[in-house]
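These protein sequence lines are chains A and B, in that order. First residue of the first sequence? That's 1 in our numbering, and the numbers climb one at a time after it. First residue of the second sequence? That's 79 in our numbering, and the numbers climb one at a time after it.
The hints are all genuine.
Short derived list, chain A residues pointing at chain B, Cβ under 7 Å:
#1 Gly17
#2 Leu38
#3 Val41
#4 Glu42
DSBU-like cross-link-like pairs, simulated, lysine-lysine; straight-line CA separation at most 30 Å:
#5 A:Lys10 - A:Lys62
#6 A:Lys22 - A:Lys10
#7 A:Lys9 - B:Lys143
#8 B:Lys148 - A:Lys22
#9 B:Lys102 - B:Lys337
#10 A:Lys77 - B:Lys208
#11 A:Lys10 - B:Lys148
#12 B:Lys233 - A:Lys9
#13 A:Lys9 - B:Lys148
#14 B:Lys208 - A:Lys62
#15 B:Lys208 - A:Lys67
#16 A:Lys22 - B:Lys143
#17 A:Lys10 - A:Lys77
#18 A:Lys10 - B:Lys233
#19 A:Lys10 - B:Lys208
#20 B:Lys131 - A:Lys10
#21 B:Lys337 - B:Lys143
#22 A:Lys67 - B:Lys148
#23 B:Lys148 - A:Lys62
#24 A:Lys67 - A:Lys9
#25 A:Lys22 - B:Lys233
#26 B:Lys208 - A:Lys9
#27 B:Lys148 - B:Lys131
#28 A:Lys10 - B:Lys143
#29 B:Lys148 - A:Lys77
#30 B:Lys108 - B:Lys131
Beyond 10 Å from chain A on every Cβ pair, some chain B residues (computed):
#31 Pro119
#32 Pro132
#33 Arg144
#34 Lys337
#35 Met370
#36 Val463
#37 Glu472
Think of the hints as simulated: they come from the structure by calculation, not from any bench. Think of the CB as a built atom: it goes at the ideal place given N, C-alpha and C, for glycine as much as any other residue.
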Amino acid sequence: MSETAERVKKIVVEHLGVEGDKVTEEASFIDDLGADSLDIVELVMAFEEEFGVEIPDDAAEKITTVKDAIDYIEQNKA
Amino acid sequence: MRRVVITGLGLVTPLGADVETSWKNILAAKSGAGRITRFDPTDYACKIACEVKPADHEYGFDPNKRVDHKVQRQVDPFIVFGIDAAGQALEDAGLTDMSEAERYRAGVSIGSGIGGLPGIESESLVLHEKGPRRVSPHFVHGRLINLTSGQVSIKYGLMGPNHAVVTACSTGAHSIGDAARMISMDDADVMLAGGSEGAICPIGIAGFAQARALSTAFNDEPERASRPYDVARDGFVMGEGAGVVVLEEYERAKARGAKIYGEVVGYGMSGDAYHVTAPHPEGAGGFRAMQMALQRAGMNPGDIDYINAHGTSTPLGDELELGAVRRLFGDAIGNLSMSSTKSAIGHLLGGAGAVEAIYCLLALRDQIVPPTLNLDNPSEGTAGVDLVPHHAKERQVRAVINNSFGFGGTNASLVMKAV
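Take these sequences, add in the hints, and give me the full structure.
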């Protein structure tokens, strides 16, 4: 797992209170990890803080799985 | 009128995070006061509080027992305390497994005096330092006072009345009184009722200290600071925590063989119409609240064995309350015991009335009244009244009054008695 993936996973575990082994790259925040729309807003904020990226609302709407988040961050981080 | 009894209790207090531990420590005359640990109080006039202790403490609070990790991260402490106390009360009543039909008739009325002040403070700083895009999406519903009731109803599927009282330090008593009336009026059969508070944060301590409400003379001896009726009292000590009871319609409780702690027989409410923080100079509002509660109960002062006083340890309030009790009780005051458990756990503000109602019910159960700590030199006006100094006292307890008075001049009295 890449360093970015590790850090994303850590944030997801902390914010959603889920077991680490459930946070696979394919996992959907809402369908698999019990998040609601507000949790995703909070996750996106946490990713922005952690990686120093800005994730505009239209991009955030497309982030539905752990892999979506990792890919966006890999492509856009400074 | 449908009769209303109490069938479950839940407590999170600075002296214990369950009912029996908190009560045992109250009776043992322990103090929950100490130097503030939540933030560095060095620059504050008041450096002490009665904090709920951490999970690794002998009588600490473990939020993980009943509150989901995710919820803990999103909400302020008063909601966490309230959810846990509500869960304890439901478990104690044996009502965690109600049918859907029962849950339509079960509601929640858990209020708070102040609500999410720590979170309002910290998110304001985030807004100021990092801008609006960094404010938590959970900011609003993690701070709103009615969200204890909301969270509890969601967690336990309670679909009856969902209500939250906000009457400063009278909140807990009003919550129980109002919820009892909802059952009396047939709006519900079961109500979780009470109050919680978690406002020990920099802006909370600074604000109450600037209002000259907090004790500042005992920063080096925190356990001596809350001293209701004592000549050296100089303000209250801030507490935190929650008290929640299960109120239940009497016939229903009897039919299912529930353990019954007591009955809510009287409830009186009044407004001082005098001053925002100072009590009425003759304690007129408190007098009328007690008088109306007794009238509603169809009882005389001589029927009351114990009053859990509002008794916050402020210079003005304590003697005015005692004066009102003296006028109402007349000669019957000779039989009365009256104490302030705020001497041990501090002032839980919106939680106080509910926590103290629970201590009243335990006094009824165990036939013992809790002490007023630090009452070394009683004020002049206290002569001839048993204020239960220093040590708990075994005695007959048939019926009790629980008094709560709040900023804004809002007063509530509850009368409860054994069934």
